[in-house]
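Given chain A's structure and the hints, the job is docking chain B onto it.
Protein chains in written order, with the working numbering: chain A, -9 to 144; chain B, 82 to 295.
There may be inaccurate statements among the hints.
Derived coverage of chain B by chain A (criterion: at least 3 residues anywhere in the stretch with Cβ under 8 Å from a Cβ of chain A; other residues may be distant) [what the hints assert, rightly or not]:
#1 161 to 174
#2 188 to 198
#3 201 to 211
Source of the hints: derived by calculation from the structure; they are not laboratory data.
A virtual CB, placed ideally from N, CA and C, is assigned to each residue, including glycine.
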Amino acid sequence: MLTLNINNKAIQVDVDPETPLLWVLRDHLDLVGTKYGCGVAQCGACVVHMDGEAIRSCVTKVKRAVDKKVVTIEGLSENNDHPVQQAWTEVDVPQCGYCHSGQIMSAAVLLKENPNPTDEDIDIAMAGNICRCGTYSRIRKAIHLAAEINKSNL
Amino acid sequence: MKYTTLQKQKGKFRILAGSLSVVFILIISLSMSEGNKNTEEYINLTAVKKDSTVSKEAFRKVYSVLMHPRCMNCHPAGDIPLQGDDSHLHGMSPHRGKDGKGMYAMKCANCHQNENTPGLHAPPGNPEWHLPPADMKMVFEGRSAHELAKQLVDKSKNGNKTLKELIAHAEDTLVKAGWKPAEGLSLPPLSHAEFKEAWITWIKNGAYAPDDSE
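Looking at chain A on its own, in the form it has when it is part of the complex (with noise of 0.2 Å):
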């Protein structure tokens, strides 16, 4: 039995510990907002924030997590208001949606990190993070936006 930290709460998971944390997030809590892509840490779906660093569950053994703080999509904000998601429903920025939620708990880290991020900056950040629909320049948008958002809450 693990005891978890997920979205604030402590959980406690009966499972064995070389599971990855996607498998444990989606299967057994039912936070299916993360989603699995590739399965080997390529494509950025499965992002999530462990000590608010950007961490791909999907290789992420869940013994790793254990006396750490998980977030995922489902408990970064209260009410889906962080400024990343109120951007990304202003500029409309998902086509498919599938990789979206892997996006924006990148775009939140490279946030945090560096509240008035260049264009540049966005590209290195998100990098890790593919979308086949191809919405890279809406992802930018929306950042820029986020950006200004978080400026205007200060």
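Showing chain B alone in chain A's frame:
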């Protein structure tokens, strides 16, 4: 009487000259030891055994390992690591960052776990996975054997490591990770034990840099 006075004066002069010589030698010795601790250490380490031929020959072996993709891929000339046995630019273009551990949502440890992830094309792992930091890039890519040997013993370019620390570095966990590649990737041309032996032989015999024409 006059002779005695002359002798006394000569004696005083000799004492003065002798004292000045001692002071002079002392100053020279101090300035040498203060001025180049690297040299002093180099001499101490190599006092027992110093053989340029053996040292250069050992470095040829060391060089074959350091330029292998398992070592060189994380010592790139640019700010993006290399990947695979053909040393192509790392997919997703992760950037070095100030501390060598990546940037923003693209930090090394976001994908690279404490151990290799099983499966072809899955990330290799190590708890210390990172590039050299931005202010000490320790580039291997593109360096000749002569250039790399010089760079490795230059404290301003090797992470401020003394020769003793360089010897100990052969046991570094990330150095040893080169011999635990992810699935489908080749091993360096020497075993770790052979590499370590060549590394120490190179350093203890004077850490000579082979001429590139040799």
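Do the hints match the structure? See the list:
| no. | hint | verdict |
| --- | --- | --- |
| 1 | 161 to 174 | holds (count 3) |
| 2 | 188 to 198 | holds (count 7) |
| 3 | 201 to 211 | holds (count 3) |
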